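Asks: The chain contents come next:
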Amino acid sequence: MTQADFFTDFPTILPLTLLTVWACVLLLVDLFIPKERKGITAFLAAFGLALTLSFTLMQIGEEKTGFKGMIVLDGFSIFVNGLLLVSGLLGIALAYGYVRRMGLERGEYYTLLLFSVTGMMLMAQAADLIVVFLALELLSIPLYVLAAFARPKVESEEAGLKYFLLGAFATGFVVYGTALVFGATGSTNLSAILAFASDNSPGLLLTIGAALILVGFGFKVAAVPFHMWTPDVYQGAPSAVTAFMSSGAKIAGFAALLRVFATAFPSIAIDMTDIFWALAALTMILGNLIAISQTNIKRLLAYSSIAHAGYILMAFVPYGNPEVAPVSIAAGLFYLVAYALTNFGAWGVVIALEKGTGQGLELNDYAGLARKHPALAAAMTVFMLSLIGLPPTLGLVGKFYLFRAVIAGGFTGLAIIGVLTSLVSAYYYLRVVVIMYMRDGEPETERESFLDLTTMATAVATVVISLVPQFLFAWAYSATLKLF
Amino acid sequence: MEFLLQPLTLLTFFPLVGILILFFIPREQKEALRWTALITSLLTFGLSLWLLGMFNASDPNLQLVAQYDWITVAGWNIQYYLGMDGLSILLVLLTSFLTPISILSTWTAVEERVKDFMVFFLLLEIGMMGVFLAQDLFLFYIFWEFTLVPMYFLIGIWGGPRRIYAAIKFFLYTMAGSILMLLAILWLGIYGGTFSVPDLIQQGNIPANIQWWLFLAFTAAFAIKVPMWPLHSWLPDAHVEAPTAGSVILAGVMLKLGTYGFLRFNIPLFPEAAVRAAPWIALFATIGIIYGAAVSYAQADVKKLVAYSSVSHLGFVMLGLFALNSQGMQGAILQMVNHGLSTGALFLLVGMIYEQTHTRELKVYGGLWKVTPVFGTIMLIVALSSMGLPGLNGFVGEFAILLGAFGSQAIGNAWYAAISALGVIMAAVYILYMFQKMFLGPQGEIVDDVKKHGHGLRDLNWREIAIMVPILILIFWIGLYPKPFFTLMAPAVDQLVASLSSVALR
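As they're listed, the protein sequences go chains A and B. Our numbering puts the first sequence at residues 1 to 484. Our numbering puts the second sequence at residues 1 to 506.
Next comes chain B alone, as it looks inside the complex:
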């Protein structure tokens, strides 16, 4: 039972404590249920900060390792193996940071079946945390598939009008990729005699042609999750139909499960295949960047616009990862965090206005700046951050990615970076278009519509501001002084790049 007291076990499974308490609170006491969930997720965040304090940034290896035999019979060698390193720590922090924020955002938005909602939400946090920390492929797969279940319920029960369609599409789409990965995992387990990722990387003697197939199988799972063009069609449905908190977690964390998968498994486990695939991935990433941006611009629904912008942003992350050099990868990891913050914040803001107006049609909005100045200001900052304005977080990540992609030996062609840079400009177009439609110009009909039904549009209240402030702080912090963030990941990324160049780029 020693494994229970390991710091990473505590971090991963702490939300279970909250779930147990939730079971004993009657369904009618919604406030108590909300507070329990919020406090649980805040304590989880506290735990992750405590782990950050214990984390040694200069060590590129796995830290705070919890490693125990789990199933070891009949040729099985499955371990309970958790570990955290520079590649995952920021994402772990992002998860524990966005969860309480999302829970706080449901305070008035979720009125029905609050208990179930909170249980599913905390279960989701366990799943996501586990994915980022698991170092054994079997354990990883369990967490990976498990995240589907609570998210499926979140979309399907509390989502918009087409929620059931969206939930099932999300589930089947993601599962389709994962099961191919399952076969690759099994193959690796038989071949290497272990499911432990560090051990498999250490062995690293998989023949190149088999690497290629395994790489493709893992890619099937992760590319759908990211989602990479052309596998993105589940994303708009799921994002739009999900309740606000669900969209925040979906965009903020769950998409990163895919990019993280590439970083943690695809690249180190199959280095030769990764190098071989890099130009292709760069191609698809570039198409995704341009395509996502173009389609965003064409949307009439704000939430859909934000959803499609994810396709574009995640294209940048993929481009950076498969630059396979230090700059690109560091930029990609930071961009994962940035996208979580900015897009998460955009979904939150859209959700806040939707709660009052019950519409997301761009055309009915307009001139909100005068009516709700605080909302407008925060939206402006977040929008600028999302389009990558220098001084805010988005710029740092995208700049590093483009720099990495330009100099990338693996991609081998600067055109991808050059075309992707256009994506930054296109982001400015669709983001500013949205902002202009909603906040500037003549007052939209919605302002009067809302007035007819009551007291008119109100500005953000204290709770909503409290949700946004931590995100804004991070947006400025990363934008102005990103060094601490790079310091956390640099040694691990450098080690990964070094191992790549010794294996594959020779």
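Next comes chain A alone, as it looks inside the complex:
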């Protein structure tokens, strides 16, 4: 690598490098922080994320590729990275009091979280299937560890192991798919694949390779039928980890899928559209139907997370139609923001009610919350409304955007499935509200300032941004426009 290369390449991964170095240094610094003051590590980690966020935001408007086209920096990656960094911050804010209360306060928690965010960011910037694979591993391995963080609790260890085994399996699919794509096109670079596929008629091998990559990511984003691990892992992992994992891994997984499919595989859109259609429909239907019978809030949110993967998958269905694709991908991005904010808030409430002994996670433990802590119950109501897709919340705006893209693409049938499953979801989300407001009980909650702040801030954001979504719309749209 010449010096000139270095100066053009390096800026593309500047925030990424910063965060990696910060995480490594934090690992060392943590050794000198006394055991009872691990809060300092949390603050340092959060500072690192904030610093990286500011660098990322400074890159807005830049458009570069580096490292021989393996890394790309564009509006899309900046949008997604911004969202990921905010997720990381929210993840730390939720974890801060929780890990202490649960006796999990160890410095590595925050370092691992930072590494995972690094992997996610790399995912959003990957312009080569090899880098996608690297990023996938980098984001997943810290998450496997985090899922098992509450050792020696059996559930947590089970969650970690299960997540690891299935995650490794999924990664295998991605690698195998990558190999087939390489075999079909002679390259792993996304733009080279596109160029090859548009010059030559794409063979079956390419389609199979792409489908295998989709399977691998299907595991990561918890799409049916690759969702089996989700409820157990979400339930077994410490709640703060689940909160981060369910948003962060989804954002990163979908970001990679969006980029890979939109930039490399438009030529096989005819085949893939049906597959995406079926995946989205299955995921929405199954996720929502199974959620009905859940009595544990963590499992309920796990199935809700599966169902929302289905909604986001809808954004892929029209990806082969160049008229609609930018809008639909922007809709997918917007929905990810809506889902991440809402999801963090909802998990914040779950964490507030979870007791040190692991109790407080049944739906019935929420009885009487509205009387005892009206603000917390109101916030939870906002999140539930947002997950259903009712006004005045981001969830409605997100669904509006998404369904519009799908209808514009000519897939009205899928949109009908989407709204009908939303109706089903209203049933179980409302049950949480019913229990909070209409049943009597004496719920015990942990009040902790960062937790409260996160919950309230996300609730307010969920409502306020839904009333003035213009800027986020515009940003998401310009982020995807450049992708094409």
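Since the hints were derived computationally from the structure, they do not count as laboratory data. Do not take every clue at face value.
[Claimed, not checked] Which bits of chain B does chain A cover? Going by a derived footprint, with three or more residues having C-beta under 8 Å, they are: (1) 144 to 157; (2) 165 to 173; (3) 180 to 188.
[Stated by the list, open to error] Distance condition first, Cα-Cα at most 20 Å in a straight line; then the derived EDC-like pairs of lysine to aspartate or glutamate: (4) A:K38 with A:E108; (5) B:K30 with B:E111; (6) B:K437 with B:D449; (7) A:K298 with A:E446; (8) A:K372 with B:E111; (9) A:K372 with B:E28; (10) A:K153 with A:E108; (11) A:K372 with A:D452; (12) A:K372 with B:E112.
[Stated by the list, open to error] The following residues of chain B were derived to be distant from chain A, with all beta-carbon distances above 10 Å: (13) E111; (14) Q211; (15) P442; (16) H453; (17) S501.
Model, not experiment: these values are computed from the prediction. From the three backbone atoms N, C-alpha and C, an ideal C-beta is built for every residue, glycine too.
Chain B: place on chain A using the hints.
Replies: Just chain B now, kept in the frame of chain A:
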């Protein structure tokens, strides 16, 4: 921020001021909470009267328009667009009129969680007002769905024994219709490039077969809300389980959101489909009229009786709307107001007696006329108004509707009107049956029962009379001199009918 000072914005969002104040009043100070909510809703009513003063009745178009760009990126063209015309002004007034009355009716009926109750009630008013004023489909949909949330809480927290079941049923039922409408709205937005209703009507080039599907999707939302037979099964549960104030608003205003939706969206946006559907809607409306009346008569519970009578009355409104002529539509709009007043008043009266007796079983009542003469007199007037006695409000509306339906080219068959006229007679049967059971005949066991537990049944107190008097005034006013009400809506209705005949009845 200019849009904040628009008269219609002020009217819609004024209750927010009250909600903000409510947040700062401690939960224990129930009186202060009640007064704050009452004064807020009275001021809102005042605002609506002020707007009535600014309203030019001879202009058929939207007035006091507030129109601003809201979300305009990536092919979106969503506006913050409020406007009021002859089709909506009476319903706006009805909303702001019934809200303070309902709040006043909760004075002693709601003792628990007064603060939450008032917050939800004022939120509901914002939602309803917004539905009547929104002229952009996206904005409309937000208000439309939003009304579900506070009503769901009102039923679910302060309702009767089966409240949770009723609340969820209400919510899911109504949402089921709305989401289909959502898809139709999205389709319209993509097709027309705008969500503004007047613009979409102006463009008016939707192919007939697509119109039909969109019409059905909108109908799904509105027919459930009205509710039209056979989609009415949520109504008895919700009405019976809701607290009195909730029932009043549910029957008085929220059902009209459905009929108003037909008037504002279905008919002007899809005129050809509307003409095509008119005979079917007339059929369902007629079945609803007869069915509602028959089932009312069979009820043992007063509140259920009143609830089912709504199915019958709203059938009249639907029949009038889809007569698609001026008489029918004007009658329908007036009947929306009438039903709001009469049925609202019936629910209030039932609530007042229930507060003392804690039962609504018809069979335990009887001979109340002697015990509570003022209550009896007011009940008689309201009952007569509800069954459409000439000289009272119900007659004017129903007469105009039947007249319209008889001469309707769109329905094309006078039998519907003829059979519906039977509904008027049946209304007399069930209403008088109820009145007779409760007020005439030998004294019912409830009178003694109440006596055993205290000082016996009392007549209406001043607060309760104060609630009823404004309604009674309007009942007589509309019954004896309906002209000002027709004057307000006539130009807008005539314009709508004229546009229909130019498009669809050619």
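Asks: Now look at each hint and say whether the structure bears it out.
Replies: Here is how each hint holds up against the structure:
1. 144 to 157: holds (count 8)
2. 165 to 173: holds (count 4)
3. 180 to 188: Result for this restraint: holds, n = 5.
4. A:K38 with A:E108: OK: K38 (chain A) and E108 (chain A) at ~10 Å, within 20 Å.
5. B:K30 with B:E111: 8 Å, holds
6. B:K437 with B:D449: 17 Å, holds
7. A:K298 with A:E446: Holds, because 17 Å separates the two Cα atoms, which is no more than 20 Å.
8. A:K372 with B:E111: 18 Å, holds
9. A:K372 with B:E28: 14 Å, holds
10. A:K153 with A:E108: The hint holds at about 18 Å.
11. A:K372 with A:D452: 15 Å, holds
12. A:K372 with B:E112: Judged against 20 Å, a Cα distance of about 14 Å means the pair holds.
13. E111: 14 Å, holds
14. Q211: 15 Å, holds
15. P442: 41 Å, holds
16. H453: 26 Å, holds
17. S501: 32 Å, holds
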